[in-house]
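Chains as they are written, first to last, in my numbering: chain B, 1 to 116; chain U, 117 to 224.
Treat the hints as calculated values from the structure; they're not laboratory data. Virtual Cβ for every residue (Gly too), placed ideally from N, Cα, C. Do not take every clue at face value.
Simulated crosslink set (DSS-like; lysine-lysine; CA at most 30 Å straight-line) [said to hold, decoys possible]:
#1 U:K189 - U:K131
#2 U:K125 - B:K11
#3 B:K57 - U:K125
#4 B:K57 - B:K17
#5 U:K189 - U:K138
#6 U:K181 - U:K125
Sample of chain U residues lacking proximity to chain B, with all beta carbon distances greater than 12 Å (derived) [as the list claims (entries may be wrong)]:
#7 E136
#8 S171
#9 F175
#10 N180
#11 G182
If you want the footprint, here are the derived chain U segments under chain B, 3+ residues with CB under 8 Å [as the list claims (entries may be wrong)]:
#12 154-162
#13 213-224
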Amino acid sequence: GAGVSQSPSNKVTEKGKDVELRCDPISGHTALYWYRQSLGQGLEFLIYFQGNSAPDKSGLPSDRFSAERTGGSVSTLTIQRTQQEDSAVYLCASSPWTSGRTDTQYFGPGTRLTVL
Amino acid sequence: AQRVTQPEKLLSVFKGAPVELKCNYSYSGSPELFWYVQYSRQRLQLLLRHISRESIKGFTADLNKGETSFHLKKPFAQEEDSAMYYCALGRYGNKLVFGAGTILRVKS
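Work out the full structure: start from the sequences and follow the hints.
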C-alpha cells in the first residue's frame, strides 16, 4: 500500500518568508510525528499528534513553528519568518496505535528546506 | 529525562569484519529500544526492536539494563550495510527519542 508521503520534496525560500510543509500519513494510522534532521544533530522531535488528543508540542523550537492535523489525517507544518538555521530535512512519520507498546513509525521521504 | 547516546558519528570497517554500533540510554522506567536505519536515498525505516529478539539482515541487539545499553552487532559486515543507523528509545505509546546517529561505512 501507499506509504507516508510529503510535499514538496524540496523547498528553497528566502529568509523571513513563511513555508508550509505537508504530510499524508498511512491510511488508518492515528499517530503522526514531525522530526527535523540536520547534520550532526540527529533526529530532533518536533510535534506528535495522537487521535483526537491535544498534540505534544514539546519539541517545537520556537513560536515560529506550528502544526495542525485536519480530520485526523493530513498534517501541515508551518514555519513563519524562516531563518537560515531552519534549513534541514523535515521528516514526517505515522504509526498505528497499540495500547501498551510503542509501535513502529513509518517515515516519509522528507522535505529538504533551504533558507537563503 | 530520556536520553539516547550514540558515541560514534562514523564507524568505518572492512567487509567481513565484525561491527558493533554503540547505543546507551538514560531512562528510569521500562524502556523499549529500537534501531532504525537509513540507506542512501531511501527512507528511514525500522531495523529491529528489542522485544522481538530477532535477527534482521544478520544484525542483533541485546538490551542490557545493567549497563543501559542496546548495542547493534553483526559478525561479518557487508558493503550493503553502509547506512546511517539511529538508536531510539520509546515509552509505551509515546514518542521516540532518537540518538544522533552513526554512519556505518563498510569498505571493500
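Open item on the list: Please verify the coverage claim for the segment 154-162 of chain U: does it have three or more residues whose C-beta sits within 8 Å of some C-beta in chain B?
Closed with: Coverage by chain B holds here, the residue count being 4 at a Cβ distance below 8 Å.
Open item on the list: According to the definition I'm using, a residue is off the interface if its beta carbon is farther than 12 Å from all beta carbons of the partner; does U:E136 meet that for chain B?
Closed with: holds, 19 Å
- [ ] Compute the least Cβ-Cβ separation between U:G182 and chain B, then decide whether it is above 12 Å.
- [x] Check passes; 22 Å lies beyond 12 Å.
Task: No chain B beta carbon within 12 Å of U:F175's - done: holds, 16 Å
Task: Outcome, coverage hint (the segment 213-224 of chain U, chain B; C-beta under 8 Å; three residues) - done: holds (count 5)
Open item on the list: Run the distance test for U:K181 versus U:K125: straight-line Cα separation, threshold 30 Å.
Closed with: The given pair, whose Cα atoms are some 23 Å apart, holds under the 30 Å limit.
Open item on the list: Hint check: U:K189 vs U:K138, CA-CA at most 30 Å. Holds or violated?
Closed with: holds, 9 Å
Task: Consistency of the no-contact label for U:N180, given chain B and a CB cut of 12 Å - done: With a cut-off of 12 Å, U:N180 remains clear of chain B, as the shortest Cβ separation is near 19 Å.
Open item on the list: Between the alpha carbons of B:K57 and U:K125, is the straight-line distance 30 Å or under?
Closed with: holds, 28 Å
Task: Assertion that U:S171 lies farther than 12 Å from chain B (Cβ) - done: U:S171 is indeed farther than 12 Å from all Cβ atoms of chain B, at 17 Å.
Open item on the list: Next pair to validate is U:K189 with U:K131; report whether the Cα-Cα distance is within 30 Å.
Closed with: Status holds; Cα separation ~14 Å.
Open item on the list: Hinted pair, alpha-carbon criterion (30 Å max): U:K125, B:K11. Please report holds or violated.
Closed with: The hint holds at about 27 Å.
When each numbered hint is compared with the structure, no violation occurs for any of them.
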